[in-house]
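Peer 1: Chain by chain, the residues run as shown.
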Amino acid sequence: MSEIKEKDFRVLTSVTVRFAGDSGDGMQLTGSQFSDTTAFIGNDLNTLPDYPAEIRAPAGTIYGVSGFQLSFGSDDVNTPGDLPDVLVAMNPAALRKNLKELKRGGVLIVNSDAFDQKNLKLANYETNPLEDDSLSGYELHQVPISSLTANSLEGLPLSPKEVARCKNFFALGLMYWLYDRPLKNTEDWIKDKFRNKAEYVEANTKALQAGHKFGEMTEVFTTRYKVEAAKLPKGTYRNISGNEATALGFLTASVKSGIPLFLGSYPITPASEILQYLSSYKNFGVKTVQAEDEIAGITSAIGAAFAGNLALTTTSGPGLSLKAEAIGLAVMTELPIVIVNVQRGGPSTGLPTKTEQADLLQAIYGRNGEAPACVIAARTPRDCFYMAIEASRIALKYMTPVILLTDGYLGNGSEPWRIPHVDELPDISVKFRTDPERFYPYLRNDNLARPWAIPGTPGLEHRIGGLEKADVYGTVNYDPDNHDRMVKLRTEKVKRIANDIPDLEVDGEDHGDLLVLGWGSTYGSIKDAVIKARRSGLKLSQAHLRYLNPMPKNTGQVLKNFKTILIPEINLGQLAHLVRSEFLIPVEQLNLVRGLPLKVNDILEKINSLLGGGNGK
Amino acid sequence: MANSPEVVTQKYTAKDFTSDQDVRWCPGCGDYSILAQVQRTFPDLIQTNKEKIVWVSGIGCSSRFPYYMNTYGFHGIHGRAAIIATGVKVANPDLSVWVATGDGDLLSIGGNHFIHACRKNIDLKVLLFNNRIYGLTKGQYSPTSEKGKVTKTTPFGSVDYPFNPLSLALGSDATFVARSIDRNPKHMQEMIKRVGQHKGFALLEIFQNCNIFNDGAFELLTEKDTKDDHVLVLEHGKPMVFGKNQDKGIKLDGAHPIVVDISNGKYSKDDLWVHDEFSDAPVHAMILAHLDDRPDLPSPIGVFRQYSKETYDEGIRSQINRIIEKKGKGDLEKVLFGSNTWEVS
Ligand code: SF4
Chain L
0 MSEIKEKDFR
10 VLTSVTVRFA
20 GDSGDGMQLT
30 GSQFSDTTAF
40 IGNDLNTLPD
50 YPAEIRAPAG
60 TIYGVSGFQL
70 SFGSDDVNTP
80 GDLPDVLVAM
90 NPAALRKNLK
100 ELKRGGVLIV
110 NSDAFDQKNL
120 KLANYETNPL
130 EDDSLSGYEL
140 HQVPISSLTA
150 NSLEGLPLSP
160 KEVARCKNFF
170 ALGLMYWLYD
180 RPLKNTEDWI
190 KDKFRNKAEY
200 VEANTKALQA
210 GHKFGEMTEV
220 FTTRYKVEAA
230 KLPKGTYRNI
240 SGNEATALGF
250 LTASVKSGIP
260 LFLGSYPITP
270 ASEILQYLSS
280 YKNFGVKTVQ
290 AEDEIAGITS
300 AIGAAFAGNL
310 ALTTTSGPGL
320 SLKAEAIGLA
330 VMTELPIVIV
340 NVQRGGPSTG
350 LPTKTEQADL
360 LQAIYGRNGE
370 APACVIAART
380 PRDCFYMAIE
390 ASRIALKYMT
400 PVILLTDGYL
410 GNGSEPWRIP
420 HVDELPDISV
430 KFRTDPERFY
440 PYLRNDNLAR
450 PWAIPGTPGL
460 EHRIGGLEKA
470 DVYGTVNYDP
480 DNHDRMVKLR
490 TEKVKRIAND
500 IPDLEVDGED
510 HGDLLVLGWG
520 STYGSIKDAV
530 IKARRSGLKL
540 SQAHLRYLNP
550 MPKNTGQVLK
560 NFKTILIPEI
570 NLGQLAHLVR
580 SEFLIPVEQL
590 NLVRGLPLKV
600 NDILEKINSL
610 LGGGNGK
Chain A
0 MANSPEVVTQ
10 KYTAKDFTSD
20 QDVRWCPGCG
30 DYSILAQVQR
40 TFPDLIQTNK
50 EKIVWVSGIG
60 CSSRFPYYMN
70 TYGFHGIHGR
80 AAIIATGVKV
90 ANPDLSVWVA
100 TGDGDLLSIG
110 GNHFIHACRK
120 NIDLKVLLFN
130 NRIYGLTKGQ
140 YSPTSEKGKV
150 TKTTPFGSVD
160 YPFNPLSLAL
170 GSDATFVARS
180 IDRNPKHMQE
190 MIKRVGQHKG
200 FALLEIFQNC
210 NIFNDGAFEL
220 LTEKDTKDDH
230 VLVLEHGKPM
240 VFGKNQDKGI
250 KLDGAHPIVV
260 DISNGKYSKD
270 DLWVHDEFSD
280 APVHAMILAH
290 LDDRPDLPSP
300 IGVFRQYSKE
310 TYDEGIRSQI
320 NRIIEKKGKG
330 DLEKVLFGSN
340 TWEVS
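Here the protein sequences line up with chains L and A, keeping their order.
With numbering that gives the first Met the number 0 as the guide, the letters of the first sequence map in order to residues 0 to 616.
With numbering that gives the first Met the number 0 as the guide, the letters of the second sequence map in order to residues 0 to 344.
This is chain L alone, in the form it adopts within the complex (with noise of 0.2 Å):
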């Protein structure tokens, strides 16, 4: 036995590591892992899972890569980090399609026993990376990831494929190794997970106990890095995603609005995972309906409404389209559902697993006829638990649908959160109509919102629908004045919306060279570009949209105050298009549509090229 030599310890306030491998090589999970440990010991964290759209791609494949992207420190962490100081590559194909980004002289762990000609050959590599010198500026580890796996786990009753299975638990031993963190998280979710099968806790726990040992004893590594835990404010906290954020504000919602939920829902990536965190929450009485299509979905959702529940429906891109015509008929009837687009790319299936912006104008505009529904977006993963219930209060305060946004990295993704009490959130809580006297069903009050009479309330008998009914009386008609006045009234009630949420925000100066807006998950990436912008000197502002309609009062105001607006977005400039016609100014753009988070690094060059180098004196 080798002696153990004494490991430097470097100090980091930031590290971005990049797990990648076959899909079926558990990455997601070492991802989803690495994160709830280094959240656990208290580091400010960002991820952003990136996953093909196949389940099981052939192994080996290029475009069956799987890989996950967490950034993690001592400081604020907004974005899952534009390149990986860290890849770990499970075989040739991860290394090949992720080894560009990898920022040089980054560290690079490879599974040298998956680098044989068959795999070579699947990712298109004449000769092996790991045997001339195209690595050589790279800090290269080569570990026989798959042989010490199964070392580590002889003698146990497994196949040779239940071996297999169990190496990304090595690699992830070896990067607690490295970054210095407890086992104990992810041993206590094995032992969860595989609590009916007691030779996989065994032999996941002694693959991941191997990896740690590993790192320990060989020499390969000379270095270990140290991340001191960020200062966060005070509370209690969790990791949270943002499809779990949005169904526990739903769930929230119904709590404090004392109504039951319902959830009508077809499964779709890469909203799915709100209709199975929901279906979990039986013993709070929410219901859930896993529909025959999209159409279902909403519809189901209208009915229940119409019967007095808090109603939504959860979907993505080509879903919001199946949709369309059903929010019309909520927008027609006046009934509260929210509908959630975790928006993915388009057009058509398009990037099912990747992410993106292009529904904002969808989500406004796209019905037949002057169909207005409020709209509004989370920037972040644990914001997406406060849009939900902020769009829950607005449906029902409002009697509108209500469209909440949110997109793959926001749902996916993950993030730290403070969690609040129950008592801190507000009250929601709305009151049906029950009185029979002057009951009208369109007769509005001063929010412009008509009464909710729900089927069961003797004496308030009366029919809705999708024609266009008369003011007040709510009986069908087609009267052209009548209809005038109603399409106008629609409109104005969620206009008025607007009176009743916060003014939008400037971080920086509130007037300027130049302000940075956004909507939705680019929040992070503007954040931290405008930090980085003024650290090199230049002075400029932030804003970000959350209420995208109506938005906030003062957005007219606030846009003025500046010479120059940039608005970066992953669409060709939707959110610009309604700025530019709604406030009649000039805005520059940056619109990159690859599936993926803004970088940094782009939105930092935008910024430098539009101040020309300097305005900060």
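Some clues are possibly wrong.
[Stated by the list, open to error] Anything over 12 Å on all C-beta distances counts as not near chain A; from chain L, calculated:
| hint | residue |
| --- | --- |
| 1 | Lys6 |
| 2 | Val200 |
| 3 | Gln275 |
| 4 | Thr456 |
| 5 | Arg462 |
| 6 | Leu466 |
[Stated by the list, open to error] Derived lysine to aspartate or glutamate pairs resembling EDC-like cross-links, with alpha carbons at most 16 Å apart:
| hint | chain 1 | residue 1 | chain 2 | residue 2 |
| --- | --- | --- | --- | --- |
| 7 | L | Lys255 | A | Asp330 |
| 8 | L | Lys281 | A | Glu313 |
| 9 | L | Lys255 | A | Glu332 |
| 10 | L | Lys531 | L | Glu100 |
| 11 | A | Lys119 | L | Glu291 |
| 12 | L | Lys230 | A | Glu332 |
| 13 | L | Lys281 | A | Glu342 |
| 14 | A | Lys119 | L | Asp75 |
| 15 | A | Lys333 | L | Asp75 |
For the record, the hints were derived by calculation from the structure and aren't laboratory data.
Every residue, glycine too, gets a C-beta built ideally from N, C-alpha and C.
Please build the complex by placing chain A with the ligand on the supplied structure of chain L, with the hints as guidance.
Peer 2: For chain A with the ligand alone, kept in the frame of chain L given last:
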């Protein structure tokens, strides 16, 4: 509450179910009869709490129905009646949810929702106004129009085969499947009552004449001198007899129905197929649903099949109750604070 015993409930009358809206179907339309039979039957079916009745519809002539009933009503969008109604029923299983729909609404654009509502046994009472034509869009052929139908969109005759709605419902395991005719008010009233009493997905197909675009589609079944020879009235436990002089019967030859003469002494009622609504297998009902595929066999009306199993809405409710019993009522604070938390001080 209206249910408390000391309140003496006045029996409802047909008028209580009549809304103040003018009925706007074409004069002579079969829909009028359906509305009248529903309004006449409801006082027998619904003694109290009429506020628990909800009518849901889609789009089409039939789908104006909810506006004419003085109950809660929801006029949906094309094809979606059954699924909107599903949302209503699941949200509040105490409601009695009725659906008024047509052959285009339920079987063409809404076909998917129909089969899944059957499959899931959602407790809905569905009246299918089958006039075998698109009325509201002014006369195009429908998925129940016979092959060769000449309409505005098929000037040379349609080339596709029609759906058989009852066969589709039986094949999708609907728990109650029946048929009636607009021109037979007594029979329709009886069927509406049966639908109202059934717990689970109930389909009542009503042959309905559209006198503007498909007049006479069911003539043989409604005209005085032909109807008895062309309609077989199904009654549970009774042999299948029909004909002007009750002189014909249906005999089952294996799975093959044949018409026999019971007037000439060769066959008697004892030889005939005896109707069993409660038959375990859908096979017999399926044979009945396809009886009139052959021109020499009559069209059955009545209850083809009924059986009972847990409804979808009950299933959801009882699952919730079971889980509450097991885990206790949900505690939001506990869920938010979940496991895997850490403290920052
Ligand atoms: S078009 Fe036909 S079905 Fe429609 S109302 Fe007129 S007669 Fe009745």
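Peer 1: Decide, hint by hint, whether the structure agrees.
Peer 2: For each hint, the structure was consulted:
1. Lys6: Non-interface label stands for L/Lys6: nearest chain A Cβ at 27 Å, farther than 12 Å.
2. Val200: 18 Å, holds
3. Gln275: L/Gln275 is indeed farther than 12 Å from all Cβ atoms of chain A, at 15 Å.
4. Thr456: Contrary to the label, L/Thr456 does not stay out of reach of chain A, its closest Cβ about 6 Å off (not over 12 Å).
5. Arg462: 4 Å, violated
6. Leu466: 6 Å, violated
7. L/Lys255 to A/Asp330: Distance of about 12 Å is within 16 Å: holds.
8. L/Lys281 to A/Glu313: 14 Å, holds
9. L/Lys255 to A/Glu332: 12 Å, holds
10. L/Lys531 to L/Glu100: 20 Å, violated
11. A/Lys119 to L/Glu291: 11 Å, holds
12. L/Lys230 to A/Glu332: 25 Å, violated
13. L/Lys281 to A/Glu342: Violated, because 29 Å separates the two Cα atoms, which is more than 16 Å.
14. A/Lys119 to L/Asp75: 50 Å, violated
15. A/Lys333 to L/Asp75: 27 Å, violated
Hints 4, 5, 6, 10, 12, 13, 14 and 15 from the list above are not met by this structure, while the remaining hints are.
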